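Number of protein chains: 2
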Amino acid sequence: MATYPEYPPDQSDEEQKYLLTSLKDWSIAHGLAVRPTTTYVSAEIDPSGALATTAPVTLFPSLFPRVCFEQAKSVAQDYNELYSAIASDEEWLKQTVEELVDIDDFIAQLWKVHLAVKQQGYVQPLNLGLFRSDYMVHTDPANAQSRPCVKQVEFNTIASSFGGLSTQVSALHKYLFTVGAYPEAPLSVISDAALPESTSVPGLAMGMAKAHEAYGPSKDGLATCVLFLVQDPERNVFDQRHVEYVLNKNYGVKTFRLPFGKVLNDTKLDADRKLVYSPPHAPSKQFEVTLVYFRAGYSPAEYQNQRDWDGRLQIERSAAIKCPSILTQLAGTKKVQQVLATPHSPHLKRFLPDEARAAELLKTFAPIYPMDKSEAGEEARKLAQDPETAVRYVLKPQREGGGNNVYRKAIPRFLKDTPETHWPAHILMEMIEPPAQSNVIFRNGELQKGGVICELGIYGACLWRDEDGKGKREILENFEAGYLLRTKGCGSEEGGVAAGFGSVDSACLIDVD
Amino acid sequence: MATYPEYPPDQSDEEQKYLLTSLKDWSIAHGLAVRPTTTYVSAEIDPSGALATTAPVTLFPSLFPRVCFEQAKSVAQDYNELYSAIASDEEWLKQTVEELVDIDDFIAQLWKVHLAVKQQGYVQPLNLGLFRSDYMVHTDPANAQSRPCVKQVEFNTIASSFGGLSTQVSALHKYLFTVGAYPEAPLSVISDAALPESTSVPGLAMGMAKAHEAYGPSKDGLATCVLFLVQDPERNVFDQRHVEYVLNKNYGVKTFRLPFGKVLNDTKLDADRKLVYSPPHAPSKQFEVTLVYFRAGYSPAEYQNQRDWDGRLQIERSAAIKCPSILTQLAGTKKVQQVLATPHSPHLKRFLPDEARAAELLKTFAPIYPMDKSEAGEEARKLAQDPETAVRYVLKPQREGGGNNVYRKAIPRFLKDTPETHWPAHILMEMIEPPAQSNVIFRNGELQKGGVICELGIYGACLWRDEDGKGKREILENFEAGYLLRTKGCGSEEGGVAAGFGSVDSACLIDVD
Numbered sequence: 209m210a211t212y213p214e215y216p217p218d219q220s221d222e223e224q225k226y227l228l229t230s231l232k233d234w235s236i237a238h239g240l241a242v243r244p245t246t247t248y249v250s251a252e253i254d255p256s257g258a259l260a261t262t263a264p265v266t267l268f269p270s271l272f273p274r275v276c277f278e279q280a281k282s283v284a285q286d287y288n289e290l291y292s293a294i295a296s297d298e299e300w301l302k303q304t305v306e307e308l309v310d311i312d313d314f315i316a317q318l319w320k321v322h323l324a325v326k327q328q329g330y331v332q333p334l335n336l337g338l339f340r341s342d343y344m345v346h347t348d349p350a351n352a353q354s355r356p357c358v359k360q361v362e363f364n365t366i367a368s369s370f371g372g373l374s375t376q377v378s379a380l381h382k383y384l385f386t387v388g389a390y391p392e393a394p395l396s397v398i399s400d401a402a403l404p405e406s407t408s409v410p411g412l413a414m415g416m417a418k419a420h421e422a423y424g425p426s427k428d429g430l431a432t433c434v435l436f437l438v439q440d441p442e443r444n445v446f447d448q449r450h451v452e453y454v455l456n457k458n459y460g461v462k463t464f465r466l467p468f469g470k471v472l473n474d475t476k477l478d479a480d481r482k483l484v485y486s487p488p489h490a491p492s493k494q495f496e497v498t499l500v501y502f503r504a505g506y507s508p509a510e511y512q513n514q515r516d517w518d519g520r521l522q523i524e525r526s527a528a529i530k531c532p533s534i535l536t537q538l539a540g541t542k543k544v545q546q547v548l549a550t551p552h553s554p555h556l557k558r559f560l561p562d563e564a565r566a567a568e569l570l571k572t573f574a575p576i577y578p579m580d581k582s583e584a585g586e587e588a589r590k591l592a593q594d595p596e597t598a599v600r601y602v603l604k605p606q607r608e609g610g611g612n613n614v615y616r617k618a619i620p621r622f623l624k625d626t627p628e629t630h631w632p633a634h635i636l637m638e639m640i641e642p643p644a645q646s647n648v649i650f651r652n653g654e655l656q657k658g659g660v661i662c663e664l665g666i667y668g669a670c671l672w673r674d675e676d677g678k679g680k681r682e683i684l685e686n687f688e689a690g691y692l693l694r695t696k697g698c699g700s701e702e703g704g705v706a707a708g709f710g711s712v713d714s715a716c717l718i719d720v721d
Numbered sequence: 209m210a211t212y213p214e215y216p217p218d219q220s221d222e223e224q225k226y227l228l229t230s231l232k233d234w235s236i237a238h239g240l241a242v243r244p245t246t247t248y249v250s251a252e253i254d255p256s257g258a259l260a261t262t263a264p265v266t267l268f269p270s271l272f273p274r275v276c277f278e279q280a281k282s283v284a285q286d287y288n289e290l291y292s293a294i295a296s297d298e299e300w301l302k303q304t305v306e307e308l309v310d311i312d313d314f315i316a317q318l319w320k321v322h323l324a325v326k327q328q329g330y331v332q333p334l335n336l337g338l339f340r341s342d343y344m345v346h347t348d349p350a351n352a353q354s355r356p357c358v359k360q361v362e363f364n365t366i367a368s369s370f371g372g373l374s375t376q377v378s379a380l381h382k383y384l385f386t387v388g389a390y391p392e393a394p395l396s397v398i399s400d401a402a403l404p405e406s407t408s409v410p411g412l413a414m415g416m417a418k419a420h421e422a423y424g425p426s427k428d429g430l431a432t433c434v435l436f437l438v439q440d441p442e443r444n445v446f447d448q449r450h451v452e453y454v455l456n457k458n459y460g461v462k463t464f465r466l467p468f469g470k471v472l473n474d475t476k477l478d479a480d481r482k483l484v485y486s487p488p489h490a491p492s493k494q495f496e497v498t499l500v501y502f503r504a505g506y507s508p509a510e511y512q513n514q515r516d517w518d519g520r521l522q523i524e525r526s527a528a529i530k531c532p533s534i535l536t537q538l539a540g541t542k543k544v545q546q547v548l549a550t551p552h553s554p555h556l557k558r559f560l561p562d563e564a565r566a567a568e569l570l571k572t573f574a575p576i577y578p579m580d581k582s583e584a585g586e587e588a589r590k591l592a593q594d595p596e597t598a599v600r601y602v603l604k605p606q607r608e609g610g611g612n613n614v615y616r617k618a619i620p621r622f623l624k625d626t627p628e629t630h631w632p633a634h635i636l637m638e639m640i641e642p643p644a645q646s647n648v649i650f651r652n653g654e655l656q657k658g659g660v661i662c663e664l665g666i667y668g669a670c671l672w673r674d675e676d677g678k679g680k681r682e683i684l685e686n687f688e689a690g691y692l693l694r695t696k697g698c699g700s701e702e703g704g705v706a707a708g709f710g711s712v713d714s715a716c717l718i719d720v721d
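If you're matching them up, the sequences are chains A and B in order. All residue numbers for the first sequence refer to the working numbering, where the first residue is 209 and numbers rise by one. All residue numbers for the second sequence refer to the working numbering, where the first residue is 209 and numbers rise by one.
If you're looking for bench data, these hints aren't it; they were derived computationally from the structure. As the structure is a prediction and not an experimental result, all values here were calculated from the model. Hints may be right or wrong, so weigh each one.
In silico SDA-like pairs for lysine to any residue, Cα to Cα no more than 20 Å straight-line [said to hold, decoys possible]:
id, chain 1, residue 1, chain 2, residue 2
1, B, Lys225, A, Gly469
2, B, Lys462, A, Thr229
3, B, Lys457, A, Thr407
4, A, Lys225, B, Gly257
5, B, Lys493, A, Glu223
6, B, Lys571, B, Asp428
7, B, Lys225, A, Asn473
8, A, Lys382, B, Thr463
9, A, Lys470, A, Arg481
10, A, Lys225, B, Gly469
11, B, Lys493, A, Lys680
12, B, Lys476, B, Asp428
13, A, Lys462, B, Glu223
14, B, Lys657, A, Ser256
15, A, Lys680, A, Asp562
16, B, Lys225, A, Gln439
17, A, Lys225, A, Ser396
18, B, Lys457, A, Thr386
19, B, Lys457, A, Val387
20, A, Lys493, B, Thr386
21, A, Lys657, B, Gly257
22, B, Lys462, B, Ala431
23, A, Lys493, B, Asp221
24, A, Lys457, B, Thr386
25, A, Lys225, B, Lys470
26, B, Lys225, A, Pro441
27, A, Lys457, B, Ser230
28, A, Lys225, B, Ala251
29, A, Lys225, B, Glu223
30, A, Lys225, B, Ser492
31, A, Lys470, B, Gln353
Partial chain A-side listing against chain B, Cβ under 8 Å, derived [unchecked claim]:
id, residue
32, Glu222
33, His238
34, Pro244
35, Val249
36, Thr262
37, Val445
38, Arg449
39, His489
40, Ala490
Ideal placement from N, C-alpha and C gives every residue a C-beta, glycine not left out.
Here chain A stands alone, though its shape is the one from the complex (with noise of 0.2 Å):
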């Protein structure tokens, strides 16, 4: 089993304070930053929210197989296929979400919308998809032999955050590498070359860009525009920022912040159903949007009432290219990542025929069961009750959003307090455990040195035209769009800096036997 070397280097007080120092100076300057939290400055000191920190970051780039970093990246334009294909079978959809409908009410909700969306017929045939495929490395525990490769934790269809800053914090640990700031070999494993670049800012831009491009100008007349579809407040406010800046410079895109609950109050639509938006400093001014990008609406918490819903419906019927369609939010929840991954399956095929591809998707798929009375599911049932089987398991909700897991030991107690009609809503995913390594975190103005564990993330872009809602589709762009590393203390089991438990990393790319 293939095990990390001796990492991170050791450091003097004086080598600490002179890697945190540039550290501090060199994110601020380059936006690497977020908002600070009301615990870190209340509101009351910075009313105006002009203030900013550091965002949570490690001090050095964790280490990363190169061949599992190369493996991710391999099959990344293979998922954007296979997400694609699947968004665009609304038949094998409606099968996979109709067995969430009663148990998981913002599927049901969603499914809802894109029904009667299309009851008056959908009007816009183009789809983008900007997505994002975690994985951790994973080593067979059963086979001391076998090479890591990388496993799957969660395809993210919406919202897929970091883009932003990953780009940002690669550009950080080459920095503090060229500065001196790390021991150069033999003393560490740092080097120029094990230090890749993420591409994700310039790569999701040119998706959006592309996407804005296909819409093409307005038959009315109007200025074009794309919307940013965001929380509001939102700490994470520069990650965005930065791939809306590309789009502005690079390709000259006009864009505009839209707060979620606002859609009714700022956009309308046009007769044949073009999405006009006035923003609320120039109301007497009209745009047409091109694409609507969502960076919030994926949360059940943030539908609050009806308007919410009839706004998601008023973007949904619109003529926008939107990223994400309810259906490919839906393709992205984690029934669908589990019947994928349910030994045996056999829908993999049916959305990637090629065999050779759909081997190598296959590869990166850890077990996954569902919950229900199947076959699979039964053995699922019986893994997750029994203590010491339930170990080896997290148990995941099918929604989109984090924050709900329950990991191993905690699994039968939560089973019994569920009542077992609703055991179906989640999914059981055998535990990816990759090699110990230890690393320095830096939040809130603070030092947090230990165990950690890294998130690989590789994002998509995809835009595609869906001919026909039955799974016939042109692919008119398919990229892949950089990476994320993640990285949180062992302590804490769930991921989403901005959540407030990690931290945004890169990587540190060793050779592994």
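Put chain B on the given structure of chain A with help from the hints.
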């Protein structure tokens, strides 16, 4: 007399909200930032100093007559030539300085350092000046038909600040215009063509790179570096970092920040007086210093004890290029400015024999009088003591650093309280009274609206070889290096944004008759 159009444009609450949100996000994303003051964020909230905030900026680019802007830029190279000539004429400087040594202890001490090095012989003939000539718009109050012109407020030869932020603020205002945060013509004079980009970051970095290159590689095979001599702590650190990062990235120059008080700790002179730097975080490493860039050491308060002076002496004795040398620093005293700008002074011709070019410089001088016993001095003493005439003047100390100017009606009282022997430590200058305008300043999270005064700074870079200390020199590089607009409320009469009074700004050029 020229007046400005109504400005800035009125804004609704929604318009200002959009402008401010756009400004706050862009500024942090691009490092247009400062560390917050301790009155804004107390030290216990942020002991590690990880917070930052938008640098004090104007919401709108301030109005500036295009003809004045062009005038100030057009004389930048001549000012470089003039001040490099002064700094190379030790005999002349000596006369000027000797009038001050009895009354200005700081200048006396600097001169002593120079003499000590002179006795041993200087070992580095190359000099780098990164200058900033500061101007205000002036119209002759006696002549309503006169065109506006710029008059020099002061000429900075050491530690000219805000070159890092001024490039960013001109880009910020351009961005705000591009995203529609400003009303366009005819509602406002703001247009793309009216917003000149400031090239101060690349300009200053290129100046340093040229000096570094001219120094050449280490003959002892050491790695070379540029030292940024800095105050510690430094709230305005990002201003300096932006220049440093471009120097690193575009020219591959290694840089280190050395606190002023640590010169003797971290540097030494070798047998050839090469300046050798060992970073505290890597004490076994040695770098040969090609250039010492002073962002500290300009103010008497920084020299706390003999050790600080010994550190300054060590740098001056060394073979490193100084930016600036002590002679160059002394060339920037207000006494020199006064000697040049005293009506009918013969000195300008000595340093700039070309009459046409000297005439252009002369146009930028405001009348300046000595406060000594010369004929012009006696006239000045009368003007300054009489409350009726004093109101048109400002009394300035000859020292660098700002903060001790005495304005208008306060002058007679100040002179009464000051021993007459100390009067010659000041110069008397006619106030330059620019056309009135208003703006909104955003600083420390608060908006302040009202009448403002703008100072235009033009950066210049000059690299020269001083052949003999007697005025003979060879100029290797001489170029204009971007601009800065600094804007303060009319209520306060001091500049210096970092010191807590004003803001960084950019120019909105207008055509005036």
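Here's how the hints hold up against the structure:
1. B:Lys225 x A:Gly469: Given pair B:Lys225, A:Gly469 holds - Cα atoms ~18 Å apart, limit 20 Å.
2. B:Lys462 x A:Thr229: holds, 16 Å
3. B:Lys457 x A:Thr407: Cα-Cα ~18 Å, so holds.
4. A:Lys225 x B:Gly257: Distance of about 12 Å is within 20 Å: holds.
5. B:Lys493 x A:Glu223: holds, 13 Å
6. B:Lys571 x B:Asp428: violated, 49 Å
7. B:Lys225 x A:Asn473: holds, 17 Å
8. A:Lys382 x B:Thr463: holds, 16 Å
9. A:Lys470 x A:Arg481: holds, 18 Å
10. A:Lys225 x B:Gly469: holds, 18 Å
11. B:Lys493 x A:Lys680: violated, 64 Å
12. B:Lys476 x B:Asp428: holds, 15 Å
13. A:Lys462 x B:Glu223: holds, 17 Å
14. B:Lys657 x A:Ser256: holds, 16 Å
15. A:Lys680 x A:Asp562: Since the Cα atoms of A:Lys680 and A:Asp562 sit roughly 16 Å apart, the hinted pair holds (cutoff 20 Å).
16. B:Lys225 x A:Gln439: holds, 17 Å
17. A:Lys225 x A:Ser396: holds, 18 Å
18. B:Lys457 x A:Thr386: holds, 10 Å
19. B:Lys457 x A:Val387: The given pair, whose Cα atoms are some 11 Å apart, holds under the 20 Å limit.
20. A:Lys493 x B:Thr386: The given pair, whose Cα atoms are some 15 Å apart, holds under the 20 Å limit.
21. A:Lys657 x B:Gly257: Roughly 19 Å separates the two Cα atoms, so the pair holds.
22. B:Lys462 x B:Ala431: holds, 9 Å
23. A:Lys493 x B:Asp221: holds, 17 Å
24. A:Lys457 x B:Thr386: With a Cα-Cα distance of about 10 Å, the restraint between A:Lys457 and B:Thr386 holds, given a limit of 20 Å.
25. A:Lys225 x B:Lys470: Between A:Lys225 and B:Lys470 the Cα gap is close to 16 Å, so the pair holds against 20 Å.
26. B:Lys225 x A:Pro441: Holds: B:Lys225 and A:Pro441 sit about 14 Å apart, inside 20 Å.
27. A:Lys457 x B:Ser230: Measuring from Cα to Cα gives roughly 15 Å; hence the hint holds.
28. A:Lys225 x B:Ala251: Distance ~18 Å between A:Lys225 and B:Ala251 Cα, so the pair holds.
29. A:Lys225 x B:Glu223: violated, 43 Å
30. A:Lys225 x B:Ser492: holds, 17 Å
31. A:Lys470 x B:Gln353: violated, 54 Å
32. Glu222: With a closest approach of 5 Å, the A:Glu222 hint holds.
33. His238: holds, 6 Å
34. Pro244: holds, 7 Å
35. Val249: holds, 6 Å
36. Thr262: It holds, given that the least Cβ distance between A:Thr262 and chain B is near 5 Å, below 8 Å.
37. Val445: Status holds, d = 6 Å.
38. Arg449: A:Arg449 check passes; min Cβ-Cβ to chain B is 5 Å, inside 8 Å.
39. His489: Cβ of A:His489 sits 4 Å from chain B, so the hint holds.
40. Ala490: Holds. Min distance 7 Å.
The structure fails hints 6, 11, 29 and 31 (numbered hints given earlier, in ascending order).
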